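Protein chains in written order, with our numbering: chain A, 1 to 373; chain B, 1 to 373; chain C, 1 to 398; chain D, 1 to 398.
FYI, nobody ran anything at the bench for these hints, they're computed from the structure. In this text, all values refer to a predicted model and were calculated from it rather than measured experimentally. The C-beta atom is built at its ideal place from N, Cα and C for all residues, glycine as well. Worth double-checking, as some hints may not be accurate.
Over the 10 Å line for every Cβ pair with chain C, so calculated as not near, a few chain D residues [what the hints assert, rightly or not]:
{"id": "1", "residue": "Ala92"}
{"id": "2", "residue": "Ser115"}
{"id": "3", "residue": "Ser144"}
{"id": "4", "residue": "Trp174"}
{"id": "5", "residue": "Ser187"}
{"id": "6", "residue": "Pro287"}
{"id": "7", "residue": "Gln291"}
{"id": "8", "residue": "Asp313"}
{"id": "9", "residue": "Gly354"}
{"id": "10", "residue": "Lys390"}
Here are some, though not all, of the chain B residues that point toward chain D, as calculated from beta-carbon distances under 8 Å [what the hints assert, rightly or not]:
{"id": "11", "residue": "Thr5"}
{"id": "12", "residue": "Arg155"}
{"id": "13", "residue": "Gly344"}
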Amino acid sequence: MAVLTEEQVMLREMASSWAVEQSPVTAFRRLRDSTEGLQRGFSKDHYRQMAEMGWAGILVPEEYGGSSFGYLGLGLVLEQVAQTLTASPLMLTAGVGVSALMLGGNTHQREQWLPAIVAGEVIVALAVDEGSRHHPERIECQASVCEGGWSLSGRKAFVLEGGIADVLLVAARTEQGVEVFWVPAVTEGVIRHDRHMADSRNCAEIELRQVVLPEEARLAELPGEQLLQRLLDCARAGAAAEMLGMATQAFAVTLDYLKTREQFDEIIARFQALQHRMANLYGEIELMRSAVEAALSAIESDDDDASLLVSLAKATACDTLNLMTREMVQLHGGIGMTDEHDAGFYLKRARVLEAAWGNASFHRDRFARLCDY
Amino acid sequence: MAVLTEEQVMLREMASSWAVEQSPVTAFRRLRDSTEGLQRGFSKDHYRQMAEMGWAGILVPEEYGGSSFGYLGLGLVLEQVAQTLTASPLMLTAGVGVSALMLGGNTHQREQWLPAIVAGEVIVALAVDEGSRHHPERIECQASVCEGGWSLSGRKAFVLEGGIADVLLVAARTEQGVEVFWVPAVTEGVIRHDRHMADSRNCAEIELRQVVLPEEARLAELPGEQLLQRLLDCARAGAAAEMLGMATQAFAVTLDYLKTREQFDEIIARFQALQHRMANLYGEIELMRSAVEAALSAIESDDDDASLLVSLAKATACDTLNLMTREMVQLHGGIGMTDEHDAGFYLKRARVLEAAWGNASFHRDRFARLCDY
Amino acid sequence: MTAAMNDKQIAIDEFRAEVRGWIAQHFPASLKGKNNAFAAIEGGVPLSPDQEEWRQAMGEKGWGVPTWPAAYGGGGLCGKQAAVLQEELANAEAYNPIGGMGVMMLGPTLLEFASEEQKQRHIPPICRGEIRWCQGFSEPGAGSDLASLRARAEDCGDYFLVNGQKTWTSGGQWSDWCFALVRTDTSRKHEGISFLLIDMRSPGVEVRPIQLISGASPFCETFFTDVKVPRENLVGELNQGWAIGKRLLQHERTNLSGGGGNRVMPSVSQIAKFYVGVDEQGRLDDPDLRQRIIRHEMLARSFRLTAQRVMRDAKNGGVATASSILKNVGARITQDRAELTLEAMGMSGLGWEGDGFNEKELAATRLWLWGKAVSIYGGSTEIQNNVIAKRILGMEGE
Amino acid sequence: MTAAMNDKQIAIDEFRAEVRGWIAQHFPASLKGKNNAFAAIEGGVPLSPDQEEWRQAMGEKGWGVPTWPAAYGGGGLCGKQAAVLQEELANAEAYNPIGGMGVMMLGPTLLEFASEEQKQRHIPPICRGEIRWCQGFSEPGAGSDLASLRARAEDCGDYFLVNGQKTWTSGGQWSDWCFALVRTDTSRKHEGISFLLIDMRSPGVEVRPIQLISGASPFCETFFTDVKVPRENLVGELNQGWAIGKRLLQHERTNLSGGGGNRVMPSVSQIAKFYVGVDEQGRLDDPDLRQRIIRHEMLARSFRLTAQRVMRDAKNGGVATASSILKNVGARITQDRAELTLEAMGMSGLGWEGDGFNEKELAATRLWLWGKAVSIYGGSTEIQNNVIAKRILGMEGE
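Build the full structure now, drawing on both the sequences and the hints.
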């Protein structure tokens, strides 16, 4: 794990300012309460701005118009913009989508898609699970060889950003095992059903009815199982980075509240029981930060223990953010229960990210298996 | 669960006064520091007094000289005398030993042994496990039919009170399955090796070298597996009752300390962080009491859910006493770390009772299996 | 068994037969297996004709409040009979349609503190389930620190003139009456508070529902502007309302702690079996989640045993200092239950509305969010911990 | 790679070769794989001839304190070289024989606050591991509230006359010198404290070992009766000792937190595999214990990553406010580790002495008991939480 470079520090500061100025929580609230929000769950305008700042191409090599900042750089941006709950498909597109092309795509695919992704014109989603819980080993979606390519059939449940994605990364079972397919959403036979989730972000069930794709739709540069694991790890680490931003902000908002709220003629930040709880939370968030940064760095440098560190990061992020959001509501008291306050937003979004791509329970088990016990 | 009868209330008060006056913690400390203590781990004198008060016969029907107080009554006594860490084989003898005879023994055996038990002349121990962890399903000790009876061979590890017991209840495998045998310790082939445990109480490894026993040594009035489960449940509930007494006392001692210790010019009981921790512990101990009483009552009335409630009680007792003893040391600060203080005694005894006849982990699993998940 | 005990048993058996017959006759079959738990939480749903019929039948019989005195419309039953009634209702898969704050909090308080006229007037409608009461205690600046309340009631002889704001008025928008703590002396803190009954239809009362994170609005902000409250609606003495309010909060705590013991709902382990499946040994196929569910269900069982023990001790004259403990543990169980249910359901437990989720899944999300309130209202967990430490454990402070 | 970087790498490689050769030459083969961690805890065990030889070799080289200035007997190495030294020691299964309070706490403090004469006199023997230092801070009535200390040092011109009692003097019975906080002004609290170095062989010093629950006596009560301490042993200004003491405690915290990151010990999961066994899928055959071990090992990993991050930030000029957090989490990890090890071992982890237990099992029991101290000494977990809340989070209080 390296110390941040000057460029990374600038990147983080830019992301932070943008989030505070252009995309505060009130922007998310407006989105949620709007018709557009109900349909899309993200702001096109914000995503355009993000692309203009180069974030959509943050992992993309310079030859394709990207800035090649690496996974740690992407994590910094995700953390900052998640502090204010910015609703965007950045992580899945700039993180997972680009990784899919870089790891599994051929030169032609990279040339075709990367510039469009960099420009913010293409959004990518990851369609793996077929039930309500994460089970990447239980894929039943079928990919069979047909004339001129592949035919996909099956269902993908709860695909985050699935309703707005231009391309779906679909994991499907072939005779050789599981493979990852690059499926433009406009392909005939792709049918999407919106799912209105508690976090008011985009989510869809994807039906695949004999979707016919060209041969190269299968991302073939890496064995399918391996590619799928790598992409899932990208999504998990990205989610963990967002969760880190959320936890940091939830903590900061709560601390501020405690310093202003009076009860029994005293600022409640002076109550020792609350001080010790906050001290404990502070420590937990520091541990979470270390785990998340280590996972991002390990992905960036393709370390042997990347999967281990990703599971550490995701599990830690889930538990810490879960605790932090519960304490956020509890320590705010009644006001935290009202829709008018932001605490509920953090709480709801936290649980969706917890459930996505393996919850703490899943990643604890995976961590132990990787450690051989 | 019934309200205590007048007689039960009297019994509890008698036990409480006796413990405070005759068997305070200083008595246990003297025992530990004495040669007798190192060898026996209990005070003969105390046990004689207990028998004189009728406690050794607390489960024994009046026809055999007992007082027939039932399991709840035994639990009340165990709880009280455990408050001051009284070292005695009461639970295993008056609880498990008597139950073995009442449930599995024939009339002859009852007549032969019960009066001696009531008189405090016979001590019983339970020899089930063969390794360091509780696995009643992994019994390898063999009982084979031989001329005129049975021949037992095997090893029993960590038999609590095993070094001082006059009779060992040995679980051994026959061709029909596991059975429980009544084995006088003086029988040829029974070899005992002392184990010096952290709690300074009696414990031994028992070697059985072709121990020849009469036919009726097998307690035959109840199927072996069932009898073993019943006896284990008696031991578990009895241990839980002792743990309840220990937790109650550890709490009281700690609370007193907080009310006298000054730091930063203030009685530390006034620090809110400590108040909330004590409030939480108080609640946990109340929950523990309910679970323990329910288990004792269920055994007494032979309820269908007795095993479930016993597992609930033992698991709850383990967790709560574990937490309470850790907090006892922590809240006392440095003085709690010294051998001069009693906190270490509670801590050490707690862990031995936790490990005995199934720790919290074992009983949580058993609880879930009994609930079918 | 003695002869007297035998007679008692016969009387109980006869009573049981009577109850069973009465339920068979009056309980509408269409309501079998339903309950109004959710309505009590989210509120404001109008009753169906069958529900209305059942409420009236139970109300006339007084069995909604079985142990309250018959003289005021209660059932007048002894504890044993009340238990039989509860058992028979459960056997018939019926529910008690009489509830709410009138039953849980105000009724017992009035029975203890109100004048004979007040009891005659206010208790019978509560027994019949005709009047909805709401609570006017909390204020924006006086949440946990209730005694700092500022809503004024000026003594004008025949009436009080009430001005001020209350918040967290549960069901304020569909309530008929409000019991409120108001300040009648600004020079003292605890000793300047009175307990008033306020008709919500009085001129000057305005309610604004508060939308919660669960989407519902079971609470309101309530504004009082020159509201005239007749003097006859003062309960107890002037400036002596604090003791009455505290007593009422004890009833509230005792009732709120019930959350952990609700057996009507399926257990989390059953829900998890459906969503998670089992392994070849019949264990939940997520060992980590299973361990946490076991801990939860063990805690819930210990909690129920504790609640029974407290009831038993109280009946036998023991002191029920346990309400704060039960409140806190009950809240923890309710919240753990909801979190575990959500986790077991995975993404299906995170739906908000629309297609793709069944009714139970959507209810799980809403109940999870709603449940975050149980450790805040009725005296937060932190406040209860202060109470336990100071009043029960004698660790004075502040 | 630039030419300069290339040169650096070559220098490091050369240094590594030098270190490797030196270790091969000086490290006694008989000590391979051993360490003196346990000795540091339980103390007072005399060194074997091989251990003594190794101590002298490292001491003369200054490599026991690799980054301290060579002028005072330290190694004078840069951070990179020190890391290489550590790696090579690990590769050779060797250990650093120079340690104790002199290295961990006093040395860095003297380097910062002491006069040139004091440095010249006291630091070299620490570097050579010749002098054992103990800490005289705590007193019976001043545990967490250190500033209440009462041990007096009367200013008699050339010397101070010290009277009073200290407690928790680690290794007092086998120490040569003691660094102590003493009261030199009774009219002020924090501003009346001075930092003194006291020769433990001075007349009037008496130590009484305190037996701990683990059976050992690594601490003492120390009594000072008219002990004369030359004025030259005052570090810093008179009455300005509090700041020096606080700084020293920071060094203590940073060092104490290391417990969580000790990689020399086998992991709990490995121990548990031996005692508990695995199921057909290779998972520990106690799902409940396994889940808790996983949580523990994850926490330990996050802790190590955090310690690394803090070091890195500190090197880059970041503020190391993290010592309190590391101390608390480190203590938690040490204690969890011991409890889990004990639980995995079952009854075998609860032996005290004698037959039936192997050395590791008996050590597990003792370490478990000893480990209860780590959340108490060096500023208890509660004190660290106060520090975090007030100094880092700005939640003032009291």
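Hint-by-hint comparison with the structure:
1. Ala92: holds, 41 Å
2. Ser115: holds, 47 Å
3. Ser144: Non-interface label stands for Ser144 of chain D: nearest chain C Cβ at 18 Å, farther than 10 Å.
4. Trp174: holds, 41 Å
5. Ser187: holds, 30 Å
6. Pro287: violated, 4 Å
7. Gln291: violated, 5 Å
8. Asp313: holds, 33 Å
9. Gly354: Check passes; 36 Å lies beyond 10 Å.
10. Lys390: Correct as stated: the minimum Cβ-Cβ distance to chain C is 18 Å, above 10 Å.
11. Thr5: violated, 38 Å
12. Arg155: Hint violated; Arg155 of chain B Cβ to chain D Cβ min 11 Å, cut 8 Å.
13. Gly344: holds, 3 Å
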